[in-house]
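Residue numbers (the working numbering), protein chains in the order written: chain A, 1 to 476; chain B, 1001 to 1320; chain C, 2001 to 2284.
Some hints could be false.
[To be verified] Some, not all, of what chain B presents toward chain C, calculated at C-beta under 8 Å: (1) V1036; (2) G1037; (3) D1118; (4) E1197; (5) A1199; (6) T1200.
[Stated by the list, open to error] No farther apart than 25 Å at their CA atoms in a straight line, the calculated lysine to any residue pairs in the SDA-like style are these: (7) K1225(B) / S1133(B); (8) K423(A) / Y2028(C); (9) K423(A) / A1199(B); (10) K325(A) / Y1311(B).
Since the hints were derived computationally from the structure, they do not count as laboratory data. Quick caveat: nothing in here was measured; it's all calculated off a predicted structure. Even glycine gets a Cβ: it sits at the ideal position worked out from N, Cα and C.
Next come the chains, spelled out residue by residue.
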Amino acid sequence: MVFEYAPAPESAAIVDVRPSYGLFVGGEFTDGHGEPFKSVNPADETVLAEIARADEGDVDRAVAAARTAFERVWGPMPGAERAKYLYRIARIVQERSRELAVLESIDNGKPIRESRDVDVPLVAAHFFYYAGWADKLGHAGFGPDPRPLGVAGQIIPWNFPLLMLAWKIAPALACGNTVVLKPAETTPLTALLFADICRQADLPPGVVNIVTGAGDTGRALAEHPGVDKVAFTGSTDVGRQIARSAAGTAKRLTLELGGKAANIVFEDAALDQAVEGVVNGIFFNQGHVCCAGSRLLVQESVAEELLERLKTRMATLRVGDPLDKNTDVGAINSAAQLARIRELADAGEAEGAERWSPPCELPPQGFWFAPTVFTGVAQSHRIAREEIFGPVLSMLTFRTPEEAVTKANNTPYGLSAGIWTEKGSRILWTAQRLRAGVVWANTFNKFDPASPFGGYKESGFGREGGRHGLEGYLDA
Amino acid sequence: MPVADFGDAGVVSTETLNGVAELRAFLRGLPGVDEVGASERAARLATRSIKTSAKAEAIDLAISMVDLTTLEGADTAGKVRALCAKAAHPDPADASVPRVAAVCVYPDMVDVAVRALDGTGIGVASVATAFPSGRAPLAAKLADTRAAVEAGAAEIDMVIDRGAFLSGDLGKVFDEIAAVKDACGAAHLKVILETGELATLDNVRRASWLAMRAGADFIKTSTGKVAPAATLPVTLVMLEAVRDHRAATGRQVGVKPAGGIRTTKDAVKYLVLVNETAGPDWLSPEWFRLGASSVLNDLLMQRRKLATGAYPGPDYFTLD
Amino acid sequence: MPDRLSVRKTYKLYIGGAFPRSESGRSYPVADPKGNFVANASQASRKDVRDAVVAARKAFGGWSARTAYNRAQILYRVAEMLEGRRAQFVDELRQAGASKSQAAAETDAAVDRWVWYAGWADKLAAVTGSANPVSGPFFNFSTPEPTGVVAVLAPDSPLLGLVSTVAPAIVSGNTAVVVASEPAPLAAVTLAEVLATSDLPGGVVNILTGRRAELAPWLASHLDVNAIDLTGVADDQEKALREAAAENLKRVLRTAPGGWDAVPGTERMTAFLEVKTVWHPMGI
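Let the hints inform the model, and build the full structure from the sequences given.
This is the structure in structure tokens:
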């Protein structure tokens, strides 16, 4: 029989989306002086809210508010007190988790299953983890009394809006810095809800400031002379610009940039779990993941079998309404991103790779792209080199472990990699040779506040998470 | 009993192996199972939200897959007859409720059950082969099986020799299954792996293939007498095995999780697992069973809730 | 009139374990602080930079794959040989303007500094790595790894500054392309001779002499250089070099000049380390 799952939508009524949002500066929502912009629901293209755009003056105000809070309140505050604020925030995130998850899915397009089970729990965990560091910094290995840097300008991407906010704000605040954070243009809503959480937690005004806008706002923030530290997650191109603009200043930088991760499947892998890991590696969050396993490297002896299983599995992926609790793959975040994915996928076909997607009906409105795998891909193809940032997998084959490692490392990126084999020594041999900051062996796309994350080479520098994640916010 | 001649291993087998060494090599050559990954996959499928019309459909399907079971030392003819009555009319107040798939009893109760179920179309399944431990001479196991079949059992639920399996005597396990299959005649053979004693999912996969190659019509997780009984990860691995086995040989084998399935929610999780692992071809009582008894009343209660909108109480459903 | 005419030393470049002259054929005179001619040093070109980076990249795989214990032993052996050349280093430092006691003290400090760094090889992972208690059935650990090819614009402290920038770069498994002090490069070439006769594989350290302002931009913009130490460059060059280094997101280190006598921290080593985090499930 055919077992059809009836629609199981999470109710959007839990979220009260206001018609317009201002900037969060000095503990208050204030007007922006740029031309406001709209945030749309990528699943149906409806306008969710009008968002203030911060111009240079607004950024200046936010940095000044952060500076004042740093000098008068947050910097001098004992770590144990800062810790309690962060614990409070962690608890409020847990209490408002449903609201945050729904809002994230509406604004970003990601399935509610992921925002509910992955993003938001990790956000709470991140604040909880770094809260505990705030009064223990002298034990972190950066000297007996490491000092904060001051004001951190933080620019985050649209793929994990709230989670990236947590990755930025939690360690910064734990170390005694204050922040001005700019969420991505297409996904500002959960950051603005987070501002409300800061108020509920009675966080002193100016410790967290949120400025919304596009690239110009980000540039104004990154280049602001009153910013002591710039933390950026996003594309390698923008990361380069930020690194350039910081040249000749005393600003400290943490950059978490693009990736083109190899997911290596050896012939002795636990194949069903490998297939699951491959699927999770590239279709998690519609492939909008910098560490996505976008290059599948399969040992030739099992390539055919693996591909067959992969296709079968892909055919069970449920693409559609992000708020449906049974959706596996949601909407592409924006029209611009969809255009880029299409352009690269077309290039893949034009370059001779074979394209396959399971039969799947895409909603008529919104931005959608069916899960896609390319076979017959060569290292020289654009789809094997460029970050697609979408649900598009490129499958290549290899014959020997050496060849796998060589191909895996043959990229200017170095963020993550996957290894699938049942042989322990081969895992360690391979992990040691992969030039990537995160190596998942017999698993993929796992994140934890205790686990450092960050790239080699052009995937950026600095680590977020764990003890290592403190370093970027301390004058060590 | 001679060492297995795999070429003769039941008419249904497409076995081409020639000896125990090759059997062992074959089973060891199966892809491994990563326990954490398999558990994650099962847990994720368990988060599927089955509501409204899908839930109604799932409840009826689950009821129709139940092997209503009583396997107690204290079983009596009265107890078995009561169970049979329940099997035929799970909810006396609602004739639209489907009947269950089978009634599962000890061999000495088969004739009671067969008579009680006469005309209902419900088959009688009998455990056999010195259930649940399987610790008896093969001759006794075969006699047990024949007695049940002669008494009218349409299905035999045998247990494998876990001791032999764990000690590496795979030929013994294979031979016993083949011999019991032979003794079953026309009766369907369900092979209980007792996964709670096999300890690892690698063993579950190997035992699944071993049973299928030896002629099993169904592979079943547990006797219900050993904890843990059926679990989602174990069933996931078995569903993968039957899927792969059909792809390799063309022969479809059924799956039966048994023990520990108590709520509608549990039952629906198993159906989702079937749907998204082995596929819709297994979504019928012919290919998937739920070995349980207490789950039936919960299914009935949920069914009533969907129909009336009000939560019913346990007093409105029969305890047999 | 001396009894015999001394045999002068030719100061060459050190690339891939060999001592070539600059491919450009250029050299420049090195003078003492009073302006007296001391020697001609090779004046490396951008092509020498290119060759040195190739050599460093080629050596990286092998050097980084050595056991930490082996790297420690090799570097300690270098310290032994530095000690053996003590007199020569003292002479060269005196030629560069140090008093006799200053030269002796700097040489001693340089040897001690090398020993200090050598001992770090098999301790860095313990100090900078971690086992991470993640919330789930996973074994998760972070270990430091060398960044790759590090360009070192060495400071003008001819020996102690040189040693204090080169040793921390290579002890973790990086390979280095070093531009020696421009006015006082002679000790660097002698260091190269020590390295060449030690067990350090060719290419792990490559030493160029010449015009810093000419060579630094080529290193900063080189896409096969992973990190750059700008400690020795002039202040007015820093911004442009950082901008060039941004092209491939080089790790950039620049510390305040001087202060070489102080006991260093781990900063110069950790600046050129990557943290790799490995996850593996724990199951049966």
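Can the hint on E1197(B) be confirmed by a CB-to-CB distance to chain C that is less than 8 Å? violated, 14 Å
Under the criterion that the straight-line Cα-Cα distance not exceed 25 Å, is the pair K423(A), A1199(B) satisfied? Distance ~20 Å between K423(A) and A1199(B) Cα, so the pair holds.
Just to be careful, I want the Cα atoms of K423(A) and Y2028(C) compared with a cutoff of 25 Å; is the pair within it? It is violated: about 57 Å lies between the C-alpha atoms, which goes past 25 Å.
Restraint: D1118(B) near chain C, CB-CB cut 8 Å. Satisfied or not? Constraint on D1118(B) not satisfied, violated at 47 Å.
Taking only the CA atoms, is the gap from K325(A) to Y1311(B) under or equal to 25 Å? OK: K325(A) and Y1311(B) at ~24 Å, within 25 Å.
Take the shortest C-beta to C-beta distance between A1199(B) and chain C; is it under 8 Å? Hint on A1199(B): holds, closest Cβ of chain C at ~7 Å, below 8 Å.
For the hint on T1200(B), does the least C-beta distance to chain C fall short of 8 Å? OK, holds: T1200(B) within 8 Å of chain C, min 5 Å.
Take the shortest C-beta to C-beta distance between G1037(B) and chain C; is it under 8 Å? holds, 7 Å
Hint validity - V1036(B) Cβ closer than 8 Å to any chain C Cβ: Given a least distance of 3 Å, the restraint on V1036(B) holds.
Keeping to a limit of 25 Å between CA atoms, is the pair of K1225(B) and S1133(B) held or broken? OK: K1225(B) and S1133(B) at ~9 Å, within 25 Å.
Consistency note: the structure conflicts with the earlier hints numbered 3, 4 and 8.
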